[in-house]
Each structure stands twice: as structure tokens, then as C-alpha cells.
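Student: We have chain A; now place chain B onto it with these hints.
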Amino acid sequence: MFRNYLKIAIKVLLRRKFFTFVSLFGIAFTLMVLIVITALAQHANSNGKPEIHSKRSLHITRLTLRHSNNSNEWNSSPGYKFLDRHIRDLPGLENYTIYSQFNTVAAYVGGRKLELSLKRTDGRYWEVMAFEFLEGRPLSREDEALGRHVAVINEATRDQYFNGENAVGKTLEADGQTFQVVGVVKNVPIYRMAPFSDIWVPISSAKSSNYRHQLGGGFNAILLAVSASAFPTIKRAFADELGKVEFTDPKRYDTAIAFADTKLEMISRSIVLSEEEGAGVEKFAGLLILFMLLFMLLPGVNLINLNMSRIMERYTEIGVRKAFGATSHGLTTQFLLENLVLTVLGGFVGLVLAHIALRITTASGVIPYANLNVNLSVFVYAMILAGIFGVLSGVYPAWRMSRQHPVAALKGGSL
Amino acid sequence: MIQFREVNKLYQTAKVETMALTNINLGVERGEFISVMGPSGCGKTTMLNLMGLLDEPNQGEISINGQAITSYKDKHVARIRNETIGFVFQNFHLISDLNVRDNVEIPLLYRKGSARERRILAQAALERVGLGSRLDHFPTQLSGGQQQRVAVARAIVGKPKILLADEPTGNLDSQMGDEIMSLLESLNRDEGVTIVMVTHDQRMADRTGRLVRIFDGQQVK
Chain A
1 MFRNYLKIAI KVLLRRKFFT FVSLFGIAFT LMVLIVITAL AQHANSNGKP EIHSKRSLHI
61 TRLTLRHSNN SNEWNSSPGY KFLDRHIRDL PGLENYTIYS QFNTVAAYVG GRKLELSLKR
121 TDGRYWEVMA FEFLEGRPLS REDEALGRHV AVINEATRDQ YFNGENAVGK TLEADGQTFQ
181 VVGVVKNVPI YRMAPFSDIW VPISSAKSSN YRHQLGGGFN AILLAVSASA FPTIKRAFAD
241 ELGKVEFTDP KRYDTAIAFA DTKLEMISRS IVLSEEEGAG VEKFAGLLIL FMLLFMLLPG
301 VNLINLNMSR IMERYTEIGV RKAFGATSHG LTTQFLLENL VLTVLGGFVG LVLAHIALRI
361 TTASGVIPYA NLNVNLSVFV YAMILAGIFG VLSGVYPAWR MSRQHPVAAL KGGSL
Chain B
1 MIQFREVNKL YQTAKVETMA LTNINLGVER GEFISVMGPS GCGKTTMLNL MGLLDEPNQG
61 EISINGQAIT SYKDKHVARI RNETIGFVFQ NFHLISDLNV RDNVEIPLLY RKGSARERRI
121 LAQAALERVG LGSRLDHFPT QLSGGQQQRV AVARAIVGKP KILLADEPTG NLDSQMGDEI
181 MSLLESLNRD EGVTIVMVTH DQRMADRTGR LVRIFDGQQV K
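If you're matching them up, the sequences are chains A and B in order.
Take 1 as the starting number for the first sequence in my numbering and just add one per residue.
Take 1 as the starting number for the second sequence in my numbering and just add one per residue.
Calculated directly from the structure, the hints in this document are not laboratory data.
Capping the alpha-carbon separation at 30 angstroms, the derived lysine-lysine pairs in DSS-like fashion look like this:
hint: 1; chain 1: B; residue 1: 75; chain 2: A; residue 2: 411
hint: 2; chain 1: A; residue 1: 170; chain 2: A; residue 2: 186
hint: 3; chain 1: A; residue 1: 81; chain 2: A; residue 2: 49
hint: 4; chain 1: A; residue 1: 170; chain 2: A; residue 2: 49
hint: 5; chain 1: A; residue 1: 411; chain 2: A; residue 2: 7
hint: 6; chain 1: A; residue 1: 263; chain 2: A; residue 2: 244
hint: 7; chain 1: A; residue 1: 7; chain 2: B; residue 2: 112
hint: 8; chain 1: B; residue 1: 161; chain 2: A; residue 2: 411
hint: 9; chain 1: A; residue 1: 244; chain 2: A; residue 2: 55
hint: 10; chain 1: B; residue 1: 73; chain 2: A; residue 2: 411
hint: 11; chain 1: A; residue 1: 17; chain 2: A; residue 2: 411
hint: 12; chain 1: B; residue 1: 75; chain 2: B; residue 2: 112
hint: 13; chain 1: B; residue 1: 159; chain 2: A; residue 2: 411
hint: 14; chain 1: A; residue 1: 55; chain 2: A; residue 2: 186
hint: 15; chain 1: B; residue 1: 159; chain 2: A; residue 2: 11
hint: 16; chain 1: A; residue 1: 207; chain 2: A; residue 2: 113
hint: 17; chain 1: B; residue 1: 15; chain 2: A; residue 2: 411
hint: 18; chain 1: B; residue 1: 15; chain 2: B; residue 2: 73
hint: 19; chain 1: A; residue 1: 207; chain 2: A; residue 2: 81
hint: 20; chain 1: A; residue 1: 7; chain 2: B; residue 2: 75
hint: 21; chain 1: A; residue 1: 186; chain 2: A; residue 2: 49
hint: 22; chain 1: A; residue 1: 207; chain 2: A; residue 2: 186
hint: 23; chain 1: B; residue 1: 75; chain 2: A; residue 2: 11
hint: 24; chain 1: A; residue 1: 81; chain 2: A; residue 2: 251
hint: 25; chain 1: B; residue 1: 159; chain 2: A; residue 2: 7
hint: 26; chain 1: B; residue 1: 75; chain 2: B; residue 2: 159
hint: 27; chain 1: A; residue 1: 263; chain 2: A; residue 2: 186
hint: 28; chain 1: A; residue 1: 283; chain 2: A; residue 2: 263
hint: 29; chain 1: A; residue 1: 7; chain 2: A; residue 2: 17
hint: 30; chain 1: A; residue 1: 170; chain 2: A; residue 2: 113
hint: 31; chain 1: A; residue 1: 81; chain 2: A; residue 2: 263
hint: 32; chain 1: B; residue 1: 112; chain 2: A; residue 2: 11
hint: 33; chain 1: A; residue 1: 263; chain 2: A; residue 2: 55
Sample of chain B residues facing chain A (criterion: CB under 10 angstroms; computed from the structure):
hint: 34; residue: 46
hint: 35; residue: 54
hint: 36; residue: 55
hint: 37; residue: 86
hint: 38; residue: 95
hint: 39; residue: 108
hint: 40; residue: 154
Even glycine gets a Cβ: it sits at the ideal position worked out from N, Cα and C.
Excised from the complex, chain A in its bound form:
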């Protein structure tokens, strides 16, 4: 039966080549964009090196300071003082790390200016993350405690600054400071915000120690829980800590709002601007689905339109099939299957286009150190997306088709 349906589906598609091309293009392009987004999201959230503990990790990346009686409000990343005071004694932690956001700094080599990203980290950062070392060692708690001017650099920086030669033991000048290279790691793409940088140096090597006195600005933290089941305990304890924040000017700010979030919660919170404990993940998921549906709407409407015109050409076939025993349900299945053939075909084309787009993106260097590709899970997502697309755009025409009265259909039909 399916062979017969498939034959019909392919014949109908070939009969109207231009419309098939337009539909396929619409589906393929839409799915390509969705696949690229999915690939990016998947790569950004993957549990691979260096973030091997991301399933046990909570992130503190935003701090809001507010006054309860007036409209003063200040939003930024947390400051070192805030994090240092309020996360170190939280229960349920195996480890934690404080690190700065990356800054773009200038480095000079052979009269050439390089713009590099520099991140300042504590020693624990290298215990929480599992970078792949090409040579040397990570920064240590001792480096941080003693304020050593040592640095770990990535492969790209070694290639640019040291012409690809061994860098450990050599010195590097960046941001007006001199560091001795102690390790070289593999490049990490920019969409993995926590581990990304070109150069990592100890926080304590900063030119000034002002950071030690600042509640807000410049730093993030990762809390590594003993297990994901400890998250509620950690979150509750961190919420309690917020009540203990000492404000330098209580007339200006007297309330601190921050959350220890999983990666998903962190992204969700930044988009739906939630101050709820659950980070508005459900709302975020709803928005995401709505966006995807809206994005699929235009090619979807186009496909529905094409499907309707295909039905009009096929009244007689509907009548004949009903006369020889097809049920409305059977015809709906046939039509949905035909539509799935088209959309899955579009899905495959979209997948090829997405693969090309991701290779071009990777090769172009637009996203530093990106290594995007379409892997098995992205492929599965893409086929699920194509399937959803196929069913959604086929349901209405199939429903109209199944309602066709056999006598009317045999006469040429009227819907």
C-alpha cells in the first residue's frame, strides 16, 4: 500500500515541477535555518569538554541591585566581592569557581597588533573545567594565591604569537602586562561562554585590586554540585545569602537579586527576564515553540496552498478510491504520507544546506573557533522538525479531502 502511495506522491510532485521546487525550497530553507539554530544551541549546551560537568553545574551570571522604596536599579554581572563572600560556604557543593568575563586586549608581536580575549580565573576554574592541554599545565590555586603572572593560552594564540612553536616557558605581553606561559589548550568556540578565551590568567594578577571591593561587575561563578539533586538545596541557600549582602550605600540599594541557574535556566532568564525561581523556563519553551511555528508558518501556508490545488486535481482519484473501499481515514493517511514525503525530502535538502552553511560559518571565522557540524542528534531533530512540518501542513488539506463525498468526487468534485 505504501509503495502505491509513494509512487503517487512522487508522480504528483513531478507533475508540478515548479510548485514542487518552490515548496521544497521553502521547506528546505526554513529547516536549514532551524537546523543551524539547533546545531548552535546544541553545541553551546553540549556536555563535552571542557564543560564535562555541565549537568552538575549552576551559573551565577547576573546581579540586580535595587532599592525597596525607590526606583533605583542596577543590573550587571556580579562582582568578585559578592561572589567570593556568598558562594564559598554554600551546602551541596563539590567545588566552585569565580572567573571574569572575557575582555578584548591588545598584544603586540613583531610590530603586529593582535586583539585577543583575556579571562581572569581562580585556580578552581581549572578543576571545574576539563580543558584539553596541548602542552604545559593549568593555572593552580597557588598561582592565584601568590598573584603569579602566568598564563594559559589557546592554540590559535600560540600559532599567532609564537608561530606555532612550543610556548610553555616563554613570555607573552597582553593588556600591558607580561605573563609567562604555563600551558596551551585547544581552542574553545565563543558560543561556549564560560570556558571561551584566548588567554587565561589568575584574577590576582590584575593591575589593581579594586575588584575585591566591588559587589557588581565583571565576574561570573560556576557552582559544581555534588549531584544535580543538590540543586534545590544550593539554590535555597544562595537565596538566603542574598539577605546577608552588605550594601556600601543602603540608601541607594538595599536588595540584591541573583540566581544560581542551570544553563537552560540562564538562557531562559535572560530572554524572558524572569525573576522567578524556575527562571520562566516554561514561558521560554512556549516562546521558542511559538517562534518556530511562526517561522514555519509562511512555507507552511504555501505548502497547504499547494496541497489544496493538488486535491483539486485529484477529485476523481478520491472518488475512485472511495468507490473501491478507501475510508476517509485511509485517504487522510495517504495524503499525510504524501506530504511527509515532500517535507522529509525538504528536510534532507535542508540538512545538506545546513551542513554547507555550518561548514562555511566554521571556515569563515565569523564565530571564533567554531567547529559546527550536523551530527546524529541534529539530524534526528531535523527529521522530527520536518515530520512536524509535514503533518501540520498536511492535516487541513487531508481533512478537506477525506470529507469529499464520493459521488461529488467522481463528478469532478466540489469542496
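Tutor: Same frame as chain A, but now just chain B:
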């Protein structure tokens, strides 16, 4: 085999009501070959559609194969149509995207059976109508007479007890019409298929066992 008891069929639109059939009482015995004649628009095709359960009467009762049709639910009538009835249409109504064999296989798609069984049955039906060598042709590659023979093969492939033919020779020249008529006669004679044929052609009607005349939706004695 087919029994109509006081069957009425009314077509209603927003403005017009048309009584297509009025108080039809008709019995067709097993193995009979009857023809239905009457002027255009008199209700012949409506009667055939009611026999084929493609349409539902407003009043009266229809029995097919000894079974009164009390439910016109899609699934129920689809099964009876598939197992008991075969249709031949004036315009052949072959699916142009499918080859001859796939067209003939259509009724078999809606019942149990393997693809291999379907192929064998379709081939046998096509050989029965003299088109065993045209399995892979498409409808447009065949003459009108050959297309109608394919349509007959499609109608008989599922071995129905009843064959309903709506002007099966209406679009054919007299020689091809004769060929189709001979085919229907042999199906009736050799395989005992009950046939009801609507026709405008007295010559064809004369070759059937009984003639039913309809005029203005009523059976003429």
C-alpha cells in the same frame, strides 16, 4: 442480491429540491444481468450510486447480498464496497499517475494481503480482460477500449459479487463497445457476477437478461 424497498432520494440545495428517485421497489437476483435505461437526468446513475452505497437514500431500505444497510458509516460501507461491489464508469476513471497494474491493484490495497498476492491477482484480472501484456503501460498509452478493459479488470480484481457499470460503452465506438459488452456477458455467464448496467444504447440493453426503465425518478412498468 440487491433489494430496493420504497426507496426515495431527494437532492436539496438552498433554493431547489429535486426528487431524483421516487418510491423505487426493485429486486435483482443473484447472477442476473440487468440494464437500466431512461432519458438523461431521470435518476439512473442515482440508482446505481445507491446500489453501490456511494450515496444514501432519504427513505426506504436497501439490502445488498441479503444484508439490509442500516448504517452508512464510512467504515461500514467502505468495507461492503470493497468486498462485494465493483464499479465500471463511463469515463473509465483510471489514475493517470499509476500504471495499469497499479490501477488494477487499487481495490486490493484496502484489504488484507501481501504485495505479491496483489500483483498476482492484478495480473490474473488483466489477463482475464485480454491485457496481460500491458501491465506496465500507463492509461494514456492505451486506447479507450483498452482503458475500459483495465477499468473492468480493476472492478473484478477483488472478485466482487456485484458489478455496477455506469454507461460502460458510452464513450466507446460500437466495435469497442461490443468488446466490453462481450466481456461483461462472459463475467456474468462464466463467473456468476451479478451485473447492473446503466445504458442509453437499446442494442446493449437487449443483450442483458432484463431491462428496467426509469422516467422522472420513477420505475416504469
